[in-house]
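2 protein chains.
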Amino acid sequence: MPRLYMALVHYPVVNRKGEVIASALTNLDLHDIARAAKTFGVQAYFVVTPLDDQRIFAGRIVAHWTTGPGAELVPDRRRALELVRVTGSIEEVIDAIAGIEGERPLVVATCARPQPAAIDCAALRATVAGGRPCLLVFGTAWGLAPEAIAGADRVLLPIAGAADYNHLAVRSAAAIVLDRLLGERN
Amino acid sequence: MPRLYMALVHYPVVNRKGEVIASALTNLDLHDIARAAKTFGVQAYFVVTPLDDQRIFAGRIVAHWTTGPGAELVPDRRRALELVRVTGSIEEVIDAIAGIEGERPLVVATCARPQPAAIDCAALRATVAGGRPCLLVFGTAWGLAPEAIAGADRVLLPIAGAADYNHLAVRSAAAIVLDRLLGERN
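In order, the protein sequences belong to chains A and B. First residue of the first sequence: 1, per the numbering used here; consecutive thereafter. First residue of the second sequence: 1, per the numbering used here; consecutive thereafter.
Source of the hints: derived by calculation from the structure; they are not laboratory data. Every residue, glycine too, gets a C-beta built ideally from N, C-alpha and C. A portion of the hints provided could be inaccurate.
Quick look at which bits of chain B chain A covers, simulated, 3 or more residues with Cβ under 8 Å [claimed, not checked]:
1. 28-42
2. 75-86
3. 134-145
Excised from the complex, chain A in its bound form (with noise of 0.2 Å):
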């Protein structure tokens, strides 16, 4: 199994002008990126803010599907978001991927604005494939503030499409991502 893991971050991201925000939880983005984690076998999905009420809210969500009403109903969404971990900071899930895997994950941020030095996913997909931890980090609202990214070991490039729009889902990003890492090309 790759040791990849992901996170999907609430906090610091920048809202539409730049401002570092608190994003709020969207349920989907619990569900769709849940899904693809474990298609794609992923070894845990991190959702990350600082809020408690947040962190309340993300935590009733799971425990609805993994251990409440849903498990039973739909057991493919259990097993989907038994891989959701709440979690304060990536800092924290940083250091509970390293408690895991007994050394630092490799932290790779993604952005959809091209960075410095931004690595392609096909040498990501050698490093995973090589068996070194990887932490992949996700931005929400308009995607990760400038001290996550600059935190990070590596940033991924941005994923091309036709010439001059940018602008998928937090959801669609993960899930090309996954596939271009860890997805058989059939």
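Using the hints provided, position chain B relative to the given structure of chain A.
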């Protein structure tokens, strides 16, 4: 530009028990898939439902973001949702594309379960690159009904991830397939 079109079908699809149903529209299906379609240069994104109230609902969402308050607030969202065409049946979609392209598109169904004689994304990528008009058909709920799959010219192989889990959200599956068909490998 690729002559690729997409349809998201709400009827005929199956529910958890395999019964043929008309599913309800989901707001984020419109947004996420329209944004992915725009990112990868898809010509139009057809939302298919035979239910009048659902077509009115879809039209209202699209109008909000293309000509209403949302258009000015988030112009990037306007550009994506301008791709949406609300349509009553798959046949109407095919007729509409034939009207635009002057020829019937190759109709390619998608399905999470392996189908006989399914084609892979690499083959379809070559067909699209060769300039043939193609319609990619996605099902909501538990997927396209057998009659919709049987009516297609081709069926795409399921997306393969880790061995035993195959329950991507349609929004995630659509994003991955578009990337495989049209994305630049970077």
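Going through the hints against the structure:
1. 28-42: holds (count 9)
2. 75-86: Holds, because 4 residues of the stretch 75-86 of chain B bring their Cβ atoms closer than 8 Å to Cβ atoms of chain A.
3. 134-145: violated (count 0)
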